[in-house]
Each structure stands twice: as C-alpha cells, then as structure tokens.
Amino acid sequence: MNSSNNVSSFAQRHADYISRLLIASLLTLMLVSINMTVSYASELDYKLVAEPVGKGTYVFIGSTKYFSRKNGGNIANAAYIVTNGGVIVIDTGSSYLYGKQMREYIESTTGLSIIKVFNTHHHPDHFLGNQAFKDVSIASLQEIVNTITTQGEALNNNLYLLVGDWMKETEAYPPTEVVTPGIITIGGHKIEIIALDGHTDSDMTIYDHTTGVLFAGDLIFHNRTPAVANANIKNWLESISKLQKLDYKYLVAGHGPVTTDERAIIQTREYLSWLHDTLQSALDSGLDVSEAIQLTVPDRFKELDILHEEYKRGVLQLYPGMEQAYFE
Amino acid sequence: MKNLMLNKLKIVNCIIVFNLCFMLSINAVYSQTLVDPLDGPTWKTVHKMMLANEKVVFDDRVKVVVPDMAEDPMNVPVSVKVEGIGEIEEIRVFADLNPIQKILNFYPGKIEPFIAFRFKVQQSTPVRAAARTKDGVWHVGGQWLDATGGGCTAPSVGRSLANWTETLGNVKSRLWSRADKPDRLRFRIMHPMDTGLAPGIPEFYIETLELKDNHGELLAHIESYQPVSENPFFSVDLESKKFQGIILSGRDNNGNLINQVLQ
Numbered sequence: 001m002n003s004s005n006n007v008s009s010f011a012q013r014h015a016d017y018i019s020r021l022l023i024a025s026l027l028t029l030m031l032v033s034i035n036m037t038v039s040y041a042s043e044l045d046y047k048l049v050a051e052p053v054g055k056g057t058y059v060f061i062g063s064t065k066y067f068s069r070k071n072g073g074n075i076a077n078a079a080y081i082v083t084n085g086g087v088i089v090i091d092t093g094s095s096y097l098y099g100k101q102m103r104e105y106i107e108s109t110t111g112l113s114i115i116k117v118f119n120t121h122h123h124p125d126h127f128l129g130n131q132a133f134k135d136v137s138i139a140s141l142q143e144i145v146n147t148i149t150t151q152g153e154a155l156n157n158n159l160y161l162l163v164g165d166w167m168k169e170t171e172a173y174p175p176t177e178v179v180t181p182g183i184i185t186i187g188g189h190k191i192e193i194i195a196l197d198g199h200t201d202s203d204m205t206i207y208d209h210t211t212g213v214l215f216a217g218d219l220i221f222h223n224r225t226p227a228v229a230n231a232n233i234k235n236w237l238e239s240i241s242k243l244q245k246l247d248y249k250y251l252v253a254g255h256g257p258v259t260t261d262e263r264a265i266i267q268t269r270e271y272l273s274w275l276h277d278t279l280q281s282a283l284d285s286g287l288d289v290s291e292a293i294q295l296t297v298p299d300r301f302k303e304l305d306i307l308h309e310e311y312k313r314g315v316l317q318l319y320p321g322m323e324q325a326y327f328e
Numbered sequence: 001m002k003n004l005m006l007n008k009l010k011i012v013n014c015i016i017v018f019n020l021c022f023m024l025s026i027n028a029v030y031s032q033t034l035v036d037p038l039d040g041p042t043w044k045t046v047h048k049m050m051l052a053n054e055k056v057v058f059d060d061r062v063k064v065v066v067p068d069m070a071e072d073p074m075n076v077p078v079s080v081k082v083e084g085i086g087e088i089e090e091i092r093v094f095a096d097l098n099p100i101q102k103i104l105n106f107y108p109g110k111i112e113p114f115i116a117f118r119f120k121v122q123q124s125t126p127v128r129a130a131a132r133t134k135d136g137v138w139h140v141g142g143q144w145l146d147a148t149g150g151g152c153t154a155p156s157v158g159r160s161l162a163n164w165t166e167t168l169g170n171v172k173s174r175l176w177s178r179a180d181k182p183d184r185l186r187f188r189i190m191h192p193m194d195t196g197l198a199p200g201i202p203e204f205y206i207e208t209l210e211l212k213d214n215h216g217e218l219l220a221h222i223e224s225y226q227p228v229s230e231n232p233f234f235s236v237d238l239e240s241k242k243f244q245g246i247i248l249s250g251r252d253n254n255g256n257l258i259n260q261v262l263q
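In the order they appear, the protein sequences are chains A and B.
Just so you know, we're using this note's numbering here: the first sequence kicks off at 1 and counts up by one.
Just so you know, we're using this note's numbering here: the second sequence kicks off at 1 and counts up by one.
Think of the hints as simulated: they come from the structure by calculation, not from any bench.
Each hint should be verified, as a subset may be incorrect.
[As the list claims (entries may be wrong)] Simulated coverage check for chain A against chain B, where a stretch passes if three residues somewhere in it have a Cβ under 8 Å from a Cβ of chain B:
1. 288-302
2. 308-321
[Stated by the list, open to error] Below, a list of computed lysine to aspartate or glutamate pairs in the EDC-like style, where the Cα atoms sit at most 16 Å apart:
3. A:Lys70 to A:Glu104
4. A:Lys249 to A:Glu262
5. A:Lys242 to A:Glu171
6. B:Lys242 to B:Glu223
7. B:Lys181 to A:Glu291
8. A:Lys312 to B:Asp146
9. B:Lys134 to B:Glu83
10. A:Lys312 to B:Asp72
11. A:Lys234 to A:Glu177
12. B:Lys172 to A:Glu323
13. B:Lys181 to B:Glu217
14. B:Lys241 to B:Glu203
15. A:Lys100 to A:Glu169
16. A:Lys100 to A:Glu153
17. A:Lys312 to B:Glu112
18. B:Lys63 to A:Glu291
19. A:Lys134 to A:Glu171
20. A:Lys65 to A:Asp305
21. A:Lys249 to A:Asp261
22. A:Lys134 to A:Glu104
23. B:Lys63 to B:Glu112
24. A:Lys312 to B:Glu71
25. B:Lys172 to A:Glu328
26. B:Lys181 to B:Glu112
Glycine is no exception: its CB is placed at the ideal position from the N, C-alpha and C atoms.
When you get a sec, could you build the whole thing from the sequences and use the hints?
The structure is reproduced here in structure tokens:
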C-alpha cells in the first residue's frame, strides 16, 4: 500500500512531459550501455567440435541458416582426415578466427601437424579461414585459385557487413598450390580430386578411396536449401548425376548433416530441378522478378532449412540473368 | 534501506509503464489518420519533397513489393499494383533514404495501374508508391528494404563494355496474352542510366517514355529518374485487344530519342 502511494505521488509530481522525456532518455542510455558491455565482454568463440565419420575422418558441422552475427558465418561444413603422415583439411570456414580455432582443435585432439589444406570452391564460408594455414600448402583447382584471387577480397568485405566482429583481421588468402583432377597419395590415403561445376564455375569434389568418404562440397546440400548465387543449374544437375555413381560409404555435404544414403543427393536434385522449371515457367508466362519471388514453394521441400528465404534469394540471383537471355 | 531501494525500483518500473502507455496512446490516435506505418525517419521531409505536402492517406491497397533484402543493390526489383481505389491519375515511386529519392512517376492513363521495374539503392530505406486519385488525395503504400549499400555510387556495368554506345536506346519487348487477367507487356531499353554519383561520370538517364497506339493516341506515360536500373526492364498490364499496335517513344536527358514498335 505504502509503495503504491509513493509511486502515484511520485508520478503525479513528475507528470510533465519534459521530465518523462528525460527519464526515458536516461533509461535508454542505461540500456544501451548495458547492451554494449554485454556484447563486448563476451569473447567470440565458434565452440567448434568435430563429429567422427567412420574411422579417421571428422567433420565440423555448421549451422544450416544464413550468415548472421549470431552464427558468425559458421554455416558450412569443414572436415579433416587423420593420416599416418599428418592431417588433411578440407575447407577452412568463414573467417580467420574460424580457421584458427579449427586448427587449434585439430592439433590438440590429434597431436599431429597439418600437411595439406584443400578449398572445394570460392565461396567465403569455405575458404576465409585459409589465413590460419599460411605455413601449409593450400591446394585447389586452377579456376578456383583464380576466382579467389580476383573476387576473394570483395566476398570477404561483404561478409564483414553480414557477420561483423567475427571477421576481425580476416583477409582473403588464395590457395598456394594448383592441383589437377586425378588420384594423389597423401599420408597413405588415395585421394581423388574430381573437377565438377554447377554450384559455381568450378567445384572440387574430393573422394577418399582409402576410407570411402566423399566430400561433395556445395554440390550437395542436406536439409538446407541449396544456395544458387553463382549457379548453373543444368551443369549442377549433371555433376550430381556423376556424384551419384560414386561408391561412397559416407557423403559429407557442404551444408547439413553427413549421410550414408542418397537422401541428400535426391533432396538437392529435386529442389534444383523444381527451381529451374518454376523460374522457366514464370519467365514463359511473363512474370516480373518481384512476382516470381512471391510464388509458393511446395510442401515437399519443407525439410530444407531457410526454404522461403533462400528461394527468394535464389530468384533474385538467377531470374535477371534468365530474363536477359530470354530477351536476346 | 533495502525497502527504499525496492520502492525506487517500483517507481522506475511504474514510470516505464506510464511512458509506454503515453506513447502508445499517441500512436493509437495518429494511426487512424496520418501516422507512417513504416516509421520512416524522414517521412515529413519526404512528404514535402515528393508530394508537396498534399493530402496523404496510408493505404494498403497500394501494394508495393520489394524483396526484404536487396541482393544486388544495382537491381532491386519493385512492383506497384493499385487495386480497388478507383481511377488512378498518377503513381509516384520513391525511396526515402536514397541519395536521389525520386525513382519514377507513372501515369497509367488507359492501361492498368500496375508497373514493375528495377532500381538502384544506396542503403536500407522505405520504398513507397503514392497513387493519386481524382480527388487529389495521395494513397501511399510501401515496404522497408534492407540493403548493405553501394548501388547508386557505383558505375554502370555497361560502361566497362566498349560497345555500349552502339546498343544505346535499343528496345526488346514481348507481349503475353492472358486469359484470366490483363495482358502483360514487358520491354527492356539499353541505357546506362548513370546517376551522376559515380566519380567522373555525369548523370545520363532516360527522362520520359510514352506508350501510344498506332493512331498516336497516348496510352500511358512514364517519367523516370536516375535511380532506375541500367538497361531498364519494365512490366505493365493492359487490354491489348483494345489497341492497334503499341509504340514506345522516349528521350534521355542528352536528347537521345527512343522509338520502337512493341510486339
């Protein structure tokens, strides 16, 4: 009773607008400063933990969402193979910090040194950790090396805008060694380099004959809507057919969980075929981009994470190019 | 002492609640009249600059569609469709926080009050369309667009190609007859549409476009401004059977003419 009396008399005494405004702004300042302390006090940490895949292969499974300040860009899978001669790393994550933390984890859990790093393609969530491996040979196909060299910094800048502080000190560091398709032996493992395309102009798939693990890169998405920013869907579908013929025990997708069956391959193929046909028929019926982004995505794709968001992004990325071709 | 602290806390809480109620009540009164649903920070100025402070109502029958996020800031698709308000004399499309706010004015005349095209954006901004009815009232609809920026101050892509002058003003078009709705006409005009904000490149853009029938009668009229994307791509809706052939004519700010029969 006493307190409520206090409250009402206090409120009455200060009922004029200016004091309310003053108090409100003070409160806002307090809240802002509390927020700032909280966000700056916490150390950025990806908290990486690798999941074993069969014997001697490990995968850091990233989020199946889009880039955000919350996930720090950790949305893709990176992997490593433990061999007698040392560790082979496949993709290095989205930032210098990711690369450093990944390397610390690998070296402290295996006690071995890293002998080779591969980049599967030029997208920033797969190669921006390269900086942490400057003393190791980082290998990729010629075209991927070229694209990272020419576009890497622009992709890096864009990621600063999307995920902020996590990117601190990150620079685009291109691969230092060019590999050609074929089988090479590293640390006793027979590693096959397969050159494909479709997700980008050049996608490198790695097949470890020794363990039967297929590292499909972003040619395969699992429970996550395929990203099509630089895609050529026809070529991509052809590449998927080639992957399907390989006799793998485990398939490590570029995004989403590891599988032993064909589910991820089927998901990716079905979505891409549907996207291609849908956009083509939208174009054939005279729709503008802003109308195409409003089309409904069928329920059968609901297993794919960020479905509607990525569909819209996909339309914005692919449709203008299709229109130009249509009007030539 | 502890009690006093507790009381103080309660007082502060009460003030917060009081403040919130106060602010909400203001909003509640205004939203029935003129409060900007997008809460654009510069709406007052934009209202003055774009609509000369004329009478405005916020009206969701003016449907503006932009993506949530500008994937390519040089090419943000936007469509404006007005339904159920009656005859529309003019539609103005603008982006509050763009360095050049004015994007396009569309006088639908004898065709449908629908237009879709692409524009350049420099930062996150409300994107709005204001449709003027015969009584002079502007019906305003819009949507926020999220963008990381850079669309207006970057040179056009075609500038890097040696032959852009050869294709300048070329038009490609296509008409779709549609059974259940008005026919769709889409046309693309080759033009750099330079904003004048990229270093060393003066503004160079299409100013007017007219759609006429083959008797020269005006069907619709577009005034376009610097933010319309390079090689602009327009979609409009019309009853094509009503017209004998459609001609597109126009002019850019350097006096280059556009003239083409659309099929």
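Hints and how they fare:
Given as covered by chain B, the stretch 288-302 of chain A passes the check, having 6 residues with a CB less than 8 Å from a CB of that chain where 3 are the minimum. Figure legend: the stretch 308-321 of chain A, annotated as covered by chain B; annotation consistent (5 residues with Cβ-Cβ distances under 8 Å, at least 3 required). Simply put, Lys70 of chain A and Glu104 of chain A have alpha-carbon atoms about 22 Å apart, too far for the 16 Å limit, and the pair is violated. The hinted pair formed by Lys249 of chain A and Glu262 of chain A meets the criterion: a straight-line CA distance of about 11 Å does not exceed 16 Å.
For the proposed pair Lys242 of chain A and Glu171 of chain A, the alpha carbon gap of about 34 Å is over 16 Å, so the pair is violated. As the CA atoms of Lys242 of chain B and Glu223 of chain B are separated by approximately 24 Å, the hinted pair breaks the 16 Å bound. This hinted pair checks out: Lys181 of chain B and Glu291 of chain A have alpha carbons roughly 15 Å apart, not beyond 16 Å. Restraint check for Lys312 of chain A and Asp146 of chain B: satisfied, since their Cα atoms lie roughly 14 Å apart, inside the 16 Å limit.
With a C-alpha separation of about 15 Å, the suggested pair Lys134 of chain B and Glu83 of chain B falls inside the 16 Å cut-off, and the hint holds. The straight-line distance between the Cα atoms of Lys312 of chain A and Asp72 of chain B is roughly 13 Å, inside the 16 Å bound, and the hint therefore holds. For the given pair, Lys234 of chain A sits about 29 Å from Glu177 of chain A by alpha-carbon distance, which is inconsistent with the 16 Å threshold. For the proposed pair Lys172 of chain B and Glu323 of chain A, the alpha carbon gap of about 11 Å is at most 16 Å, so the pair holds.
Between the alpha carbons of Lys181 of chain B and Glu217 of chain B the distance comes to roughly 23 Å, so the proposed pair goes past 16 Å and is violated. Straight-line distance between C-alpha atoms of Lys241 of chain B and Glu203 of chain B comes to about 38 Å, which puts the hinted pair past the 16 Å bound. Our distance criterion of 16 Å between C-alpha atoms is met by Lys100 of chain A and Glu169 of chain A, whose separation comes to about 12 Å. With a C-alpha separation of about 19 Å, the suggested pair Lys100 of chain A and Glu153 of chain A falls outside the 16 Å cut-off, and the hint is violated.
Pair hint Lys312 of chain A plus Glu112 of chain B does not hold up; C-alpha atoms about 26 Å apart against a cutoff of 16 Å. As the CA atoms of Lys63 of chain B and Glu291 of chain A are separated by approximately 12 Å, the hinted pair is consistent with the 16 Å bound. Pair hint Lys134 of chain A plus Glu171 of chain A holds up; C-alpha atoms about 12 Å apart against a cutoff of 16 Å. At most 16 Å may separate the alpha-carbon atoms for a hinted pair to count; Lys65 of chain A and Asp305 of chain A meet this at roughly 7 Å.
Note on Lys249 of chain A and Asp261 of chain A: the hinted pairing holds, with a Cα-Cα distance of about 8 Å set against a maximum of 16 Å. Between Lys134 of chain A and Glu104 of chain A, the direct Cα distance comes to roughly 14 Å. Compliance with the 16 Å bound is thereby established for this hinted pair. Between the alpha carbons of Lys63 of chain B and Glu112 of chain B the distance comes to roughly 14 Å, so the proposed pair stays at or under 16 Å and holds. The straight-line distance between the Cα atoms of Lys312 of chain A and Glu71 of chain B is roughly 10 Å, inside the 16 Å bound, and the hint therefore holds.
Of the pairs offered as hints, the one joining Lys172 of chain B and Glu328 of chain A holds, with about 8 Å between alpha carbons and a cut-off of 16 Å not exceeded. With a CA separation close to 11 Å, the supplied pair Lys181 of chain B and Glu112 of chain B stays within the 16 Å bound.
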